[in-house]
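Chemist: Each chain, letter by letter, is given below.
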Amino acid sequence: QQPVQSPQAVILREGEDAVINCSSSKALYSVHWYRQKHGEAPVFLMILLKGGEQKGHEKISASFNEKKQQSSLYLTASQLSYSGTYFCGTTGGGGSNYKLTFGKGTLLTVNP
Amino acid sequence: EADIYQTPRYLVIGTGKKITLECSQTMGHDKMYWYQQDPGMELHLIHYSYGVNSTEKGDLSSESTVSRIRTEHFPLTLESARPSHTSQYLCASNQRGGDEQYFGPGTRLTVT
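Top line first, the protein sequences correspond to chains B and G.
So for the first sequence, the numbering used here puts the first residue at 110; every next one is plus one.
So for the second sequence, the numbering used here puts the first residue at 2; every next one is plus one.
Do not take every clue at face value.
Unchecked claim - Label-pair restraints from in silico Cβ distances:
| hint | chain 1 | residue 1 | chain 2 | residue 2 | range |
| --- | --- | --- | --- | --- | --- |
| 1 | G | R97 | B | K176 | 24 to 34 Å |
| 2 | G | G15 | B | L189 | 35 to 45 Å |
| 3 | B | S134 | G | E57 | 16 to 26 Å |
| 4 | G | S68 | B | G148 | 21 to 31 Å |
| 5 | B | R122 | G | E101 | 22 to 32 Å |
| 6 | G | Y11 | B | S190 | 18 to 28 Å |
| 7 | G | G17 | B | N130 | 40 to 50 Å |
| 8 | G | S85 | B | G148 | 15 to 25 Å |
| 9 | B | A136 | G | K58 | 16 to 26 Å |
Stated by the list, open to error - Straight line, CA to CA, 30 Å or less: simulated DSSO-like cross-link-like pairs of lysine-lysine:
| hint | chain 1 | residue 1 | chain 2 | residue 2 |
| --- | --- | --- | --- | --- |
| 10 | B | K168 | B | K146 |
| 11 | B | K208 | B | K177 |
| 12 | B | K135 | G | K58 |
| 13 | B | K135 | B | K176 |
| 14 | G | K58 | B | K208 |
| 15 | G | K32 | B | K176 |
| 16 | B | K208 | G | K32 |
| 17 | G | K58 | B | K146 |
| 18 | B | K135 | G | K32 |
| 19 | B | K135 | B | K177 |
| 20 | G | K32 | B | K146 |
| 21 | B | K208 | B | K135 |
| 22 | B | K213 | G | K58 |
| 23 | G | K32 | B | K213 |
| 24 | G | K18 | G | K32 |
| 25 | B | K213 | B | K168 |
| 26 | B | K213 | B | K176 |
Hints in this document: simulated from the structure, not taken from any laboratory.
Ideal Cβ placement from N, Cα and C applies to all residues, glycine included.
Input sequences plus hints: build the corresponding full structure.
Modeler: Here's what the structure looks like:
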């Protein structure tokens, strides 16, 4: 089942913060976050495997609430290079934990 | 840096032609995937493989077929291309379920 991302699009000024949400109606084994710039392949940002576990890299971090089957991506003090489409991908448990099902994406635009 | 390659990068072909999109990775990954992505849209899994001689259909029905005779090679074939096949095709791989998926640069296919 496809995860639901919100918002669909967000426009920021450089230095502002943003939160992108990803929710699923099914139990999740993992949540993956990718960023894709126009005309390029998706680039991996992070994986969250355990409920409540928060992982981050510099000014981009994420959380995973296993109970609510939700994940949020936090972009702090956004930079122009953060622009792109952000996708969450989810895997279920058991034998389906190899396959990623992606959400529809959130288009992030950072303006000077 | 990920070592996963796709050829050709761009292909314009007439209706009814047979085409093969190539995907190779040098990381020794067992699991490989094919995604289809229309411009500005989400990624849809169309085929995946757990290892040599193992292939499965993905969540999105596709008229294409795949083979996995060697670990490093996962080609996708369309026996008779149609305009509805026009899209971007992305290949990805990882070693274990739940791991980061490494994406190739993609093949942009246009069927006239």
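Chemist: All the hints need checking, so say for each whether the structure fits it.
Modeler: Hint check results:
1. R97(G) / K176(B): 24 to 34 Å: holds (25 Å)
2. G15(G) / L189(B): 35 to 45 Å: Because 41 Å falls inside the window, the suggested range holds.
3. S134(B) / E57(G): 16 to 26 Å: holds (23 Å)
4. S68(G) / G148(B): 21 to 31 Å: holds (28 Å)
5. R122(B) / E101(G): 22 to 32 Å: holds (31 Å)
6. Y11(G) / S190(B): 18 to 28 Å: holds (26 Å)
7. G17(G) / N130(B): 40 to 50 Å: holds (44 Å)
8. S85(G) / G148(B): 15 to 25 Å: holds (22 Å)
9. A136(B) / K58(G): 16 to 26 Å: Between A136(B) and K58(G), where Cβ atoms are some 23 Å apart, the hint holds.
10. K168(B) / K146(B): holds (18 Å)
11. K208(B) / K177(B): holds (21 Å)
12. K135(B) / K58(G): Answer holds: K135(B) to K58(G) is near 21 Å, not above 30 Å.
13. K135(B) / K176(B): holds (10 Å)
14. K58(G) / K208(B): Measuring from Cα to Cα gives roughly 11 Å; hence the hint holds.
15. K32(G) / K176(B): Within the cut-off at roughly 29 Å; holds.
16. K208(B) / K32(G): holds (10 Å)
17. K58(G) / K146(B): holds (27 Å)
18. K135(B) / K32(G): holds (23 Å)
19. K135(B) / K177(B): Between K135(B) and K177(B) the Cα gap is close to 10 Å, so the pair holds against 30 Å.
20. K32(G) / K146(B): holds (25 Å)
21. K208(B) / K135(B): holds (14 Å)
22. K213(B) / K58(G): holds (21 Å)
23. K32(G) / K213(B): This hinted pair holds, its Cα atoms lying about 24 Å apart.
24. K18(G) / K32(G): holds (29 Å)
25. K213(B) / K168(B): holds (23 Å)
26. K213(B) / K176(B): holds (22 Å)
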